Amino acid sequence: MGLLTGLKDSISRAASTLFSEEDPKRIGIYGPPNAGKTTLANRIARDWTGDAVGPESHVPHETRRARRKEDVEIERDGKTVNIDIVDTPGVTTKVDYTEFLEHDMEKDDAVRRSREATEGVAEAMHWLREDVDGVIYVLDSSEDPFTQVNTMLIGIIESQDLPVLILANKIDLDESSVQRIRNAFPQHETTPLSALEGDNMDEVYDKIAEYFG
Amino acid sequence: MPEAKHPDDEGVQIDLISAERMDGKTTMEKIRTILDGVRDGNIVVLEAGLTPDEESRLIEVTMTEISPDEFNGIEIETYPQSKTDDSSFLGRLMGSEETKKLTVIGPANQIETLHKDETLISALVSRK
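From first to last, the protein sequence lines stand for chains Y and B. For the numbering used here, count along the first sequence from 1 and bump the result up by 368. For the numbering used here, count along the second sequence from 1 and bump the result up by 1318.
Among the hints, erroneous ones may be present.
[As the list claims (entries may be wrong)] Computed footprint of chain B on chain Y, listed as stretches where at least three residues anywhere in the stretch have a Cβ under 8 Å from a Cβ of chain B: (1) 391–404; (2) 435–443; (3) 490–501.
[Unchecked claim] Computed list of lysine-lysine pairs in PhoX-like fashion (alpha-carbon distance at most 20 Å, straight line): (4) B:LYS1419 / B:LYS1343; (5) Y:LYS462 / B:LYS1446; (6) B:LYS1419 / B:LYS1348; (7) Y:LYS462 / Y:LYS393; (8) Y:LYS462 / B:LYS1434; (9) B:LYS1348 / B:LYS1446.
[Unchecked claim] Using C-beta positions, here's what the derived DEER-type ranges look like: (10) Y:ALA420 / B:LEU1334: 45 to 53 Å; (11) Y:ASP512 / B:SER1444: 16 to 24 Å; (12) Y:MET473 / B:LEU1334: 14 to 22 Å; (13) B:ARG1445 / Y:GLU578: 45 to 53 Å; (14) B:THR1382 / Y:GLN555: 30 to 38 Å; (15) Y:GLY446 / B:ARG1350: 49 to 57 Å; (16) Y:GLU484 / B:ARG1350: 22 to 30 Å; (17) B:GLU1328 / Y:ARG414: 52 to 60 Å; (18) Y:GLU578 / B:SER1444: 31 to 39 Å; (19) Y:ARG480 / B:ARG1350: 21 to 29 Å.
Just so you know, these hints were derived from the structure itself, not from any lab. Please read all numbers here as calculations on a predicted model, not as lab measurements. Backbone N, C-alpha and C fix where the C-beta goes; we use that ideal spot for every residue, glycine too.
Could you put together the complete structure from these sequences and hints?
In structure tokens, the structure reads:
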């Protein structure tokens, strides 16, 4: 029994070494606008590389280009999971520039932002079809998850057989309900966190290693 | 769409498109059928819905057509996938993937979803 266990451990260590020398997997961070995708990408990047990925904002569509942070090495239980993080623009089926005017923006800036946002969403969809090996799907747990965009995106991800980790973000908010997300996507495991406060990040990294390692 | 008297100020046109009419169309032909109707201010109802890949491309093409003060995008609603749907790889291989869900698509500034659950979509449609 001891011999077998030792052999299994050796094989597992060899496999993990082999894997760590492979090209890193590209993990796309997807979700609707303002779910906290960039806050999460920055949290992961800062924790493991010391750098940030991009600026965060309460104004929707702050991220209007997919940004890749390469070679993020996450260590879990003596193993190293090497991933590229791709922070993507929030996906939506509509963009109305007048909504940006409510954030004290001039019309020209709002129109430019909306144009960039539409390009960013198209880009995110393209990455999802062609260029990611797995998905971290981020939802704001204080919002209703039963939206068409969430339903469609999860369906698209499932249809491509990509591994998907669903994260219920913003658990620091009073209105947060992780259970609502679990009910909306019962076929997947949901992990709660606050990317802003850094709550429950250990479990998030465990799950990243489990899903993408 | 066949030419029909356009309602203009009189109301909202609803195009109920049968599965048969969409069968055999390529992805882009389906997307054009939908977006041409929606951009004319119509509500398009698809009997059989779209596949996930077609939905992905519909979002992408919609984004390229959004134009300030002219077209803000689409509102799209289907019933959420039932929890018992067989979405396994084998299931899809055997052709049992459940994509045939009634789908409602309209201009984002004219249709608002009031309620949605697994068996009911309730939407408010307004004129342009």
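| query | Which earlier hints turn out false for this structure, listed by number in ascending order? | reply | Result: hints 1, 2, 7, 9, 12, 18 break, sorted rising.
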